[in-house]
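Given the sequences, and given the hints that come with them, work out the whole structure.
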Amino acid sequence: MPNALTAAVRAPEAESVWTSPILPQPGELIVGLIAFGILYWVIAKLVVPRFEETYAQRTAAIEGGMEQAEKAQAEAEAALREYQAQLAEARAEAGRIREEARSEGAAILAEMREKASADAARITEAAHKQITAERQQAVIQLRSEVGRLATDLASRIVGESLQDDARQQRVIERFLSELETADPNQVRTVATPATEGS
Amino acid sequence: MTGNLNVIGYGLAAIGPAIAVGLIFAAYISGVARQPESRGMLQPIAILGFALAEALALFGLVLAFIL
Amino acid sequence: MRLRLAAGEGFSPPTTEFFWQPLVGDGAFAFTRPMLLMVLSVAVIAPVMVFVAKRMQVVPSKGQFLTEGTYNFVRNSVGKDMIGAKEFRPFIPLLFTQFLLILVNNLFEIIPLLQFPTFSRIGFPVALTLVVFAVYHVVGMRRHGVGGYFKRMVPPGVPGWIVPLIFFLELITYFVTRPVTLALRLMANMFAGTLLLVVFALGGEYMLLEGSNLFVRVASLGSFALFVIMTFFEILVGFLQAYVFVLLTAFYIADSLAEEH
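Protein chains in written order, with the numbering used here: chain A, 7 to 204; chain B, 23 to 89; chain C, 353 to 613.
One thing to keep in mind: the hints can contain errors.
In silico lysine-lysine, DSS-like type, Cα no more than 25 Å apart, as pairs [said to hold, decoys possible]:
| hint | chain 1 | residue 1 | chain 2 | residue 2 |
| --- | --- | --- | --- | --- |
| 1 | C | K406 | A | K51 |
| 2 | A | K135 | A | K121 |
| 3 | A | K51 | C | K414 |
| 4 | C | K438 | A | K51 |
| 5 | A | K51 | C | K432 |
Distance ranges between label pairs, derived from CB positions [claimed, not checked]:
| hint | chain 1 | residue 1 | chain 2 | residue 2 | range |
| --- | --- | --- | --- | --- | --- |
| 6 | B | G38 | C | L517 | 18 to 26 Å |
| 7 | A | A98 | B | R56 | 52 to 60 Å |
| 8 | A | R87 | C | V400 | 52 to 60 Å |
| 9 | A | P32 | B | P58 | 45 to 53 Å |
| 10 | A | E69 | B | A48 | 38 to 46 Å |
| 11 | C | V510 | B | A49 | 21 to 29 Å |
| 12 | C | V410 | B | I51 | 33 to 41 Å |
| 13 | C | L418 | B | P58 | 20 to 28 Å |
| 14 | B | P58 | A | E58 | 28 to 36 Å |
| 15 | C | L517 | B | I37 | 23 to 31 Å |
| 16 | B | I51 | A | E88 | 52 to 60 Å |
| 17 | C | A437 | B | A49 | 21 to 29 Å |
| 18 | B | I41 | C | K414 | 41 to 49 Å |
Hints are computed from structural coordinates only; laboratory data are not their basis. Please read these numbers as outputs of a predicted model, since none were measured by experiment. Even glycine gets a Cβ: it sits at the ideal position worked out from N, Cα and C.
Rendered as structure tokens:
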């Protein structure tokens, strides 16, 4: 806006002492003081208190917000910790269950094995027993058979009837007891002389 | 050619404060360049030094108008 | 000084008379153009500030943000940092009022039609400085007592024979240098800046309208360009001078309050 300036400059000026740039004109000084006073009053009474109030409120709000954020963070951390604890617990439980199952399986296996071996033992035992029984039976049978045969043979050889039961029984008993006390190898040798002797 | 010798005198008198102000801000700039975080602390000091150095030029100005 | 670029009577550069613009009357109590601007600035600042303050919200709007940024700058960067967090509160209104008044009036220098920096007239800076002068002396005397205030001007541990000299220098600093430079700095900056703008504007106009040949007339563009550039520079100066003024005010107050000089 050069024109506004030039118009002001070109206007004819009365020569005045107040053109001096470092001589304060009293009017301007007074107006300056009054203007400053009014503005100061307005700022001090109406503006600064409100600004300070808002400033304090905002500080409080920001601090409150930060507190809240901290609380939320703490909560989140607690939740995370809890979750992790739960996870660890679940893992431990799963491990325990697995371990249990494994040990149970092992126990079952061992039990089965034991049972099987017991069965096997039992079967073997039964077989043994049967065999023993059969052998016993066979021995008893054999004994009576041998006795009969021997008696028959002896009666035939002696020619004398050995039908007398009592005597016959006695002879057989003696023979067999001799047989039993003697060595199996000697049975034959003893038997032979016995047979020869009788 | 007409003019006022006072103005030449003032021009000469302003050389000193001009150099002083230049030195003050040079020191301020290199200080901030070395340690940017010190800016907040250096700024008022630099402005105060600038104001003090400028006071000499202002006295020159006053004398140029008075004499 | 006359510049011979044209056939006419020549170019007369603006003088200090430019700043004396009485509107009503003449003499010591004439109503001048800067007075009108000063009244206008108060009439603008006060309602705007009250309006903003009334509608203050915790979450700021755009306009509030700007005002509050200015307020926080003066409050924290100047008041709190210079005077100290304990004692700066009573001085906030003083600093804020000064800053707003100086800033708005400095910006008047480059607002079209207004185009006059109020503070280039020494009366207004002197008015503000008188307030500052009174404030820092009263505050210092209240804190240390009248005797103590003068006593602490001399730092302890100074040899006896040099004490009067230092006391004298400090007295001059407190009562002459500080107020005088505070007022003059503001006035001189606005004065010089405006004079520069007027020179470029008038010079350009003169060269354009009355140049003796085409070259001179075209060269006026350079003058106008510098006018525009200096206008932007003056915005910066306006802000800087407002800042320097409140900073120095805060510094003087802090210095008066301090236990040791």
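Evaluated hints:
Under the criterion of a C-alpha separation no larger than 25 Å, the hint pairing K406/C with K51/A is consistent with the structure, at around 12 Å. Under the criterion of a C-alpha separation no larger than 25 Å, the hint pairing K135/A with K121/A is consistent with the structure, at around 20 Å. With a CA separation close to 24 Å, the supplied pair K51/A and K414/C stays within the 25 Å bound. In summary, the hint linking K438/C to K51/A is supported, as the alpha carbons are separated by about 21 Å, within the 25 Å threshold.
Restraint check: the Cα-Cα separation between K51/A and K432/C comes to about 20 Å, which is no more than 25 Å; the hinted pair holds. Between G38/B and L517/C the CB atoms are about 23 Å apart, so this pair conforms to the stated range of 18 to 26 Å. Checking the proposed 52 to 60 Å range against A98/A and R56/B shows it holds: the Cβ atoms sit about 58 Å from each other. Checking the proposed 52 to 60 Å range against R87/A and V400/C shows it holds: the Cβ atoms sit about 54 Å from each other.
In this structure, P32/A and P58/B meet the distance hint of 45 to 53 Å, their C-beta atoms being roughly 49 Å apart. The given range of 38 to 46 Å is respected by E69/A and A48/B, whose C-beta atoms sit roughly 42 Å from each other. The given range of 21 to 29 Å is respected by V510/C and A49/B, whose C-beta atoms sit roughly 28 Å from each other. Between V410/C and I51/B the C-beta distance comes to about 39 Å, which sits within the given range of 33 to 41 Å.
Taken as a hint, the range 20 to 28 Å holds for the pair L418/C and P58/B, whose Cβ atoms sit roughly 26 Å apart. For the pair P58/B and E58/A, the supplied restraint of 28 to 36 Å holds, since their beta-carbon distance comes to about 31 Å. Checked against the hint of 23 to 31 Å, the pair L517/C and I37/B passes, with Cβ atoms roughly 28 Å apart. A beta carbon spacing of about 56 Å between I51/B and E88/A agrees with the range 52 to 60 Å that was offered as a hint.
Evaluation of the 21 to 29 Å hint for A437/C and A49/B yields a pass: the beta carbon distance comes to about 28 Å. As the Cβ distance of I41/B to K414/C is approximately 44 Å, the hint placing it in 41 to 49 Å holds.
Checked against the numbered hints above, the structure violates none of them.
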